[in-house]
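Fit chain B to the given chain A structure using the hints.
There are 2 protein chains.
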Amino acid sequence: MNTDRNRATLASDTQTAWIAAEAEGNVLRTWMIASDGSISEHREIDVPTPTGLEVFDNLVADQDMARPVTIVYSGDLDKSAMVSVPCKPASIANMTVFQSSNWNLYVGATVQQGAPLDLMIHEPNRIAGYLDQDSGFDGVLLLPGTHSKWVHISAEEIVSFRSFMTGEQFDLLAQHSSLKEGLQGSEFDQNAFDAGLGDTLSRPESLAAKLASLRSEIALNKSVSQAKIRARLLAYLIGAELAATRAYWLGQDVVILGVSPLAQRYQHALAAQGAMVRCVDDRGLALAGLRAAHAAIRAQA
Amino acid sequence: MNTDRNRATLASDTQTAWIAAEAEGNVLRTWMIASDGSISEHREIDVPTPTGLEVFDNLVADQDMARPVTIVYSGDLDKSAMVSVPCKPASIANMTVFQSSNWNLYVGATVQQGAPLDLMIHEPNRIAGYLDQDSGFDGVLLLPGTHSKWVHISAEEIVSFRSFMTGEQFDLLAQHSSLKEGLQGSEFDQNAFDAGLGDTLSRPESLAAKLASLRSEIALNKSVSQAKIRARLLAYLIGAELAATRAYWLGQDVVILGVSPLAQRYQHALAAQGAMVRCVDDRGLALAGLRAAHAAIRAQA
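Residue numbers (this note's numbering), protein chains in the order written: chain A, 1 to 301; chain B, 1 to 301.
Just so you know, the hints here were simulated from the structure itself, not pulled from any lab data. Each hint should be verified, as a subset may be incorrect.
Which chain B residues face chain A? A few, computed with CB under 7 Å, are given here [said to hold, decoys possible]: (1) R162; (2) T166; (3) P204.
In the PhoX-like style, the derived pairs of lysine-lysine whose C-alpha atoms are separated by at most 25 Å in a straight line are [to be verified]: (4) K180(B) - K79(A); (5) K180(A) - K79(B); (6) K79(B) - K222(A).
Built from N, CA and C at the ideal position, the CB exists for glycine as well.
Next comes chain A alone, as it looks inside the complex (with noise of 0.2 Å):
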C-alpha cells in the first residue's frame, strides 16, 4: 500500500465515493472511485478462497468514508448468487446485497450452466466490461488462462460457454512431469507450434502419445531446443482445445479477451484455421464492468 499516494487522497477534493474489488483466484483488486469517476488509490491484496466477508472490513478499516460504504465485487464468495444460462453477464437483478454496519456490498452472480456441467465466477464480470464498450456485439468471446472460458454472446446475453483446463494442464507438464526438464525457460518455436497445431487438429484424441513421444525426444536427443518442446507441448493442447470447440469458432466473430503471449498464440492458431479472430486489450474491463454495475445499483437506487 503507497502510504504518500493516501495522504494526497484525503488532502484533495476527490474522496472515496465507493469501492469496486474483483477476486481472482487468491487475489483481490481493489480500486477507491471518486464521486468525479476517477481511481484514488489501487490495491493488489492476498486473500483466502472462498473470501469470506471479513475481507471486506478490512478493506473499509483504514478509509475515511461515509458509513456503510458502497462496495461492488465480482469474484468467489461463500453463499453467493448463481443464475443459469441463458442469462446477462451481470445484472443488478442477479447480484446478492450483503449490508453491514461497514458496507452494502453487491456481489455479481456465479454464472452456471447444466450441462454440460460449468460455472463462470470472475468472468461475467469483465464480459459484462467488454459488452459496456462494443454493446452490439454478437459472437464468441476467448478468455485464455488456467482455465480458458469459451463464451457465446448473442442480444447481450450469455448462450452458452465452456471451460478448457488447458493452462493449468501445461502448468502441470512443465513445473511436475517426466518433460519438465524439456520446459524450461520461455522460448517458443513458432514453425514447431504450427506443425505440431496442424498435427493435432486432425488427431485430437492422441494427447498422451504425444506427451510419450516429446519424452522419448527428450531422452534420445539431449541437444533438442527448449522453445521446440515448449512450442509443440502448447500446440498440443491449444490443438485439442481448437478440435473440441469448432462450433464456438467456425464462421463466427471471436474476440479474445488479452494480448499475452497465450492470448497471441490463440490468435495465431485460430487465425491458421480461417477464424475471424482478434485480440484486445482486457487490462481495464475488470473495472469497466464494476463501473457498469455500479451505475446500474444508482440508477436503481
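Only chain B this time, still in chain A's reference frame:
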C-alpha cells in the same frame, strides 16, 4: 537383504551361477540364479537413473562367485544399444556386452521407433518373457503403467508400438492439480467409469473441457463421491487412449500384461468395446525374459 537366506545359500550346493537384473525407473531388481536354475536370492535396490556401471560392481562385491560374474540386464544404461522396429524383442545379436575384471554384463537393446518417435527400455525383455511361454502369439500386447505401451507382435517380432502418458497424467492431476481435493482415496465407481468411457470415445478431443467440468462438479457439490470423480477421470484418460489406439485393438487378439486394478480397468474398457482381451499375470515375465537371454548367451558360447 536377508542375511539368513544368504548364509543358507553359501552352505548349500546351489551356489550363484549368474545374476539376472532389471531396472524400472530407479528400482533395480536382481535375482541370484543357482546352476540348477533356482533363485538363491532376490533384491530390490534404489539406483540412480540412468544407471551407471558402478552399480554392477556394488552388486557383485559381496557375492562369493568366480570372477568375472555373468550379469544379464534389462533397463536404462548409458551407452546401451538401440535397435529399430521391426525387431525381435530380445536377441543375442542386439545385446551390448560390457566387460570388467568383476563381470561380463549383457545389456538388452532399447527398442526405438522413428515415426511416431517412441522408445521402450525395460519392456522388450518382459515381452520376450511373455513370448517365451506363448511362442506362437500374434496380436497386441498392452503393458499398462505410468507410460502404457501398445505393442503389435507378428512372427515373433515387434512390428510397431506406441506409448501413452496416461498413467502419469492421472498421477499429475491427482497429486498436483485443482482437482486433487476430489481425488483422494482409492474407491472406484464402475458405473461412472462406464458412462465416462462411452462419452469420451465419442468425443475424445474434449479432455481439457471434461477436466474443467469435474472441477465445477467438485466446487458445486462438495458431497460428490470421490469414487465417482476418480472413476470419471480414469474413464476420460483411458477413453482417449482407446480412441487413439483403435488400430491396435479393433479385431486384434489383445493380451494385457498385468493383473493390477489399472490392468483390469483397461480389460473392462476394451471388453465393453467388443475387443478380444485377457489379462495375464506379469510377475514372472521380467525374469523369464532374462532367463531366455541367458540360455541364448550360453548356447552361443
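Now for the hints, and whether the structure bears them out:
no., hint, in the structure
1, R162, "6 Å, holds"
2, T166, "5 Å, holds"
3, P204, "3 Å, holds"
4, K180(B) - K79(A), "23 Å, holds"
5, K180(A) - K79(B), "23 Å, holds"
6, K79(B) - K222(A), "14 Å, holds"
Comparing the model with each numbered hint stated earlier shows that all of them hold.
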